[in-house]
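Here are the chains, one letter per residue:
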Amino acid sequence: MGTLLGVDMKPENTKNVFINGIEQFFRFLILIIVSIFTAFPFIWMVISSLKTKKEIMDVAVLFPPNPKWGNFLYILTKSPIPKYIFNSFAVTILIVSIQIITGAMITYAIVFLKFKGRHTLFAIIMGTYMLPVAATYIPSYIILANWNLLNHFSGLVISSTVSIFGIFLLRQSFMQIPKGLVEAARMDGGSNFRILWEIVCPMTKSSFITFGLMSFISTYNNYMWPSLITNDENKYMVSQGIRSFFIEGGAYGTKWQLVMAGSAVIVIPLLIMFAFTQKWFINGIGGDTGMKG
Amino acid sequence: MKKTGISKESKIKDTGVILLFVLPALIPLIIFWIYPIICSMWISFTNWDFMTPEYKFVFLNNYISLFKDKRFYEALLNTGIFTIGTMVPTILGGLLLALLLQKNFKGNGFFKFILFSPWITPSVAISIVWTWIFQPEDGIANMILGFFHLPALKWMSSSQTAMISVIIVTVWKSLGYAMIFYLTALQRVSHELYEASSMDGAGKWRQFKDMTLPLISPTTFFLMIITMVNSLQAYDQIQILTQGGPSGSTSTLLYMYYQLGFEEFNMGKATAVAVIMILITVILSFIQFFASKKWVHY
Numbered sequence: 346m347g348t349l350l351g352v353d354m355k356p357e358n359t360k361n362v363f364i365n366g367i368e369q370f371f372r373f374l375i376l377i378i379v380s381i382f383t384a385f386p387f388i389w390m391v392i393s394s395l396k397t398k399k400e401i402m403d404v405a406v407l408f409p410p411n412p413k414w415g416n417f418l419y420i421l422t423k424s425p426i427p428k429y430i431f432n433s434f435a436v437t438i439l440i441v442s443i444q445i446i447t448g449a450m451i452t453y454a455i456v457f458l459k460f461k462g463r464h465t466l467f468a469i470i471m472g473t474y475m476l477p478v479a480a481t482y483i484p485s486y487i488i489l490a491n492w493n494l495l496n497h498f499s500g501l502v503i504s505s506t507v508s509i510f511g512i513f514l515l516r517q518s519f520m521q522i523p524k525g526l527v528e529a530a531r532m533d534g535g536s537n538f539r540i541l542w543e544i545v546c547p548m549t550k551s552s553f554i555t556f557g558l559m560s561f562i563s564t565y566n567n568y569m570w571p572s573l574i575t576n577d578e579n580k581y582m583v584s585q586g587i588r589s590f591f592i593e594g595g596a597y598g599t600k601w602q603l604v605m606a607g608s609a610v611i612v613i614p615l616l617i618m619f620a621f622t623q624k625w626f627i628n629g630i631g632g633d634t635g636m637k638g
Numbered sequence: 016m017k018k019t020g021i022s023k024e025s026k027i028k029d030t031g032v033i034l035l036f037v038l039p040a041l042i043p044l045i046i047f048w049i050y051p052i053i054c055s056m057w058i059s060f061t062n063w064d065f066m067t068p069e070y071k072f073v074f075l076n077n078y079i080s081l082f083k084d085k086r087f088y089e090a091l092l093n094t095g096i097f098t099i100g101t102m103v104p105t106i107l108g109g110l111l112l113a114l115l116l117q118k119n120f121k122g123n124g125f126f127k128f129i130l131f132s133p134w135i136t137p138s139v140a141i142s143i144v145w146t147w148i149f150q151p152e153d154g155i156a157n158m159i160l161g162f163f164h165l166p167a168l169k170w171m172s173s174s175q176t177a178m179i180s181v182i183i184v185t186v187w188k189s190l191g192y193a194m195i196f197y198l199t200a201l202q203r204v205s206h207e208l209y210e211a212s213s214m215d216g217a218g219k220w221r222q223f224k225d226m227t228l229p230l231i232s233p234t235t236f237f238l239m240i241i242t243m244v245n246s247l248q249a250y251d252q253i254q255i256l257t258q259g260g261p262s263g264s265t266s267t268l269l270y271m272y273y274q275l276g277f278e279e280f281n282m283g284k285a286t287a288v289a290v291i292m293i294l295i296t297v298i299l300s301f302i303q304f305f306a307s308k309k310w311v312h313y
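If you read the protein sequences in the order shown, they are chains A and B.
In terms of this note's numbering, the numbers along the first sequence are unbroken and rise by one, the last being 638.
In terms of this note's numbering, the numbers along the second sequence are unbroken and rise by one, the last being 313.
With the rest of the complex left out, here is chain B (with noise of 0.2 Å):
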């Protein structure tokens, strides 16, 4: 923009003009996000209960007896297998259906439209269909494993087979999801395949190795990421499927942090939780983030 001599009352008409166009948005995000993750950070230094106006200030305690707490320990873990057990197979699976998808033929379309399905659908209402699916006594899943001769599962009332059931309805749901990021990936790929792999007659899987898997790597990456960041953040399938339960058994970091504060109105203690919550994140995020230099080409 050119600015004149006279331009004094026109610069703070401009200044009106962005802060116009800022502030809707900016309010919001200030009151609702910002305000709130430092606000956490506050009240993760306190003994407030929710119930009583007054608090004390309690500095690291919270951290302490969370670091203290067998229950914080299984949350951690159980968050990692989830992370890793839902993040692997969304991954790999998402990129087999791309593959398979990626020519056009008859029907292409069909099976993206049901693949990717599960993603639109509220994950209460199909968590609900699952909890009916997975029903020990007279459930399907049962008398399909008994179809193939396999032995019955408890599926959420066992603590050793909670955490699987989860897991299957997480990538159930996520896998359409990734399968779209690859197929758009792919896309941009095939043309500069075409060139450079038809002179030197590669044979195939050297070819997806050697060009395709580094070529879609900022996807991956970014899958990585997304998957793990919703890993985190999952809460409705646990709630409906396990509430956290058998015996711990799928009490995530973000169950726990529920627990602490909407149910034990613990809220120094929850917020601490979600404290961590954010730093695990900032920390993840940076390790891809540096590790993908190293095989990530853009």
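Okay, chain A solo, but in the shape it has when bound (with noise of 0.2 Å):
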């Protein structure tokens, strides 16, 4: 139908398609500009392990004609790399299941309880989140040695029972639970464990996952502490265990293929599993700022 407007809006729309056209255009040149420097790394590490001592020296070989998997083969079997993952992973599985137990009641009894001083606690606790940690680190040392636990997986626990992060995440969730849902369910009878494990538990599942997962991360990977309070070898964790198998290579030059393979050996898992845990990342860490919007 050639009405008036019909006509008007022609050269409009086109104009509209082209426009977007080149939006799109650049918005998908930055996107994939950005992208490969970011995911560069990742994957030079993987072409690094692929190749030979004399192909990693030449860098005009970009990849290798023929993949060396056996490099991966010796980091598995030969290097004590998957003892440390071994370390790290058992020791995180621990740290992370406290931190969930101890944050999950003190959340629930500065939010549902009560008391004289909550309001005090939580500013307290709060006013730690911001503190640099390695200012307490020479104290804690002090402590640990004291106690006769550095060198001691049990020494790097006790000291990581309390993640204060983790209470701010739950702290923001148990917020949005109705207050009459956790009275009702007392005036029942109910206990506070049962309130907190059959009522608050299921309702705020998904910050507890994010809580979980970020915490796992950042013990999995911490460095510094753990760092500090071990100089057994049999117990370092992946981060320290890395650094000294890239320092063992020294003056004679290192084996770069080696170290890359061993570097890929602790990566690769990690970016698996954040493939498939993506979604609470993500929705977790913006969600929960504590902001209004």
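Keep in mind the hints are simulated off the structure, nothing from the lab.
One or more hints might be untrue.
Sample of chain A residues at the chain B side, in silico, Cβ under 10 Å [as the list claims (entries may be wrong)]:
#1 Met-390
#2 Ile-443
#3 Leu-558
#4 Val-583
#5 Ile-587
#6 Ser-608
#7 Met-618
#8 Phe-626
These figures come from a predicted structure and were not determined experimentally.
Backbone N, C-alpha and C fix where the C-beta goes; we use that ideal spot for every residue, glycine too.
Both chains are given apart, each in its own frame, so use the hints to dock them into the complex.
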């Protein structure tokens, strides 16, 4: 229909399509460039880990013609790296479980139990959140030394039983629960433990998952504190372990292909895990900044 | 909770319950957070050397010797450069990426996955990879520069470029994190925007400047504090990439603290640095908090 309106709309439509096309093009261009920059270290790590000693020193060889999977075999069977991964994994699972329990309980008390000083308590916890954790390391080191817990996994565990970040995250979602619901359960004679376990936890499941994953990542990757309290090579966590594996090559030239294979063995499982849990990180992190929008 | 007349017994029970819920977190928090911070302040007034049990109270001597130490001012300056050098690109880059990914389109989730992935990987392992990339002789970074006919750099082995190298790695790691925060903020804003701006036909840039930016300012404010605190605590990448060198060019306050405390065993001076770091965090938080009242729109 050749109405006035239709005629008028036509040029504008093509113009819009054109502009949208350009916009799309630049959107993808920038995203692709930044993504290549972001993914590049991972890609280069994997490519380098498949090279021979000779290929790796020759910058001109971008891709190894015959990928040397043997480097990975060496890391998995002859290097201490699998041991470090096991150490980190076991210690981290334990720490995260404890942090979830202590965090859920104190948050429940702050949000649902009325007692004097609970606001002060939360203010103190909030205050410590900002402070540089390293400032606590020297006295904490002395405490563990006095308790003879240096070089013990238990020293690492008991010094990491609380996650301040986790308390924030949980508080944020506990506050969303209608107070009446908890009151009613109490009237029915439910104990606080049962209310926490059967009402509060199921309703805030997603923040528990986010908390668990975030805490897993930061504990698993942690370097400074574990490396300060451990010098027994059998008890290294991954970060300290891969560093010592890296340093060992030392003065006579680092065996980069093996160092890269070692890094890949540590990094790739984390990337795979992230691929499956992405939404918990992305929704959880952005959603809980504790601010009104 | 309703209290009845016979509540003395139940009050004791209540207190018991509260303690039971609070103490499992509070005791470790006191032992490994609050006590150490107070203890650090005390140690900073002594000349304790860790090896011997004796020490003397020297009051402000550690602080005075720090303020006379050239190394301290270098570390302070390096911390400032590092903080601003990471904060500005992280926040601007994170915002740009969030704006580009805001609309839903095919491949959107894949980009988010790639861009956020550095954040979950261990900084130590990944800094080792970057060390390899930055090798002056056989590293790929210089080859890429050569491809664009740019001069090769010495990266971490020159005091002129070492800090830039550390900043690149840090921004690389934290960009996706900032992006996620902005994505959430933009999502919240977009509803309000639809209603307000479609009627007055405002240009896209004006709309962004006058509406979006103020509406997401709480997130910007939050990210500024978080990146600042993180920069002040950066250790892993510095330890792997440069160990504070060459000639102290990447030694930050935290790294100086580590060297004084755990390499030189000068516990008094090390804890003095820690106390200064705490003070800086507190002061900057206050400044940002008050400054934010001017430009953050809650």
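field: Violated hints, by number in ascending order, as checked against the structure
entry: none
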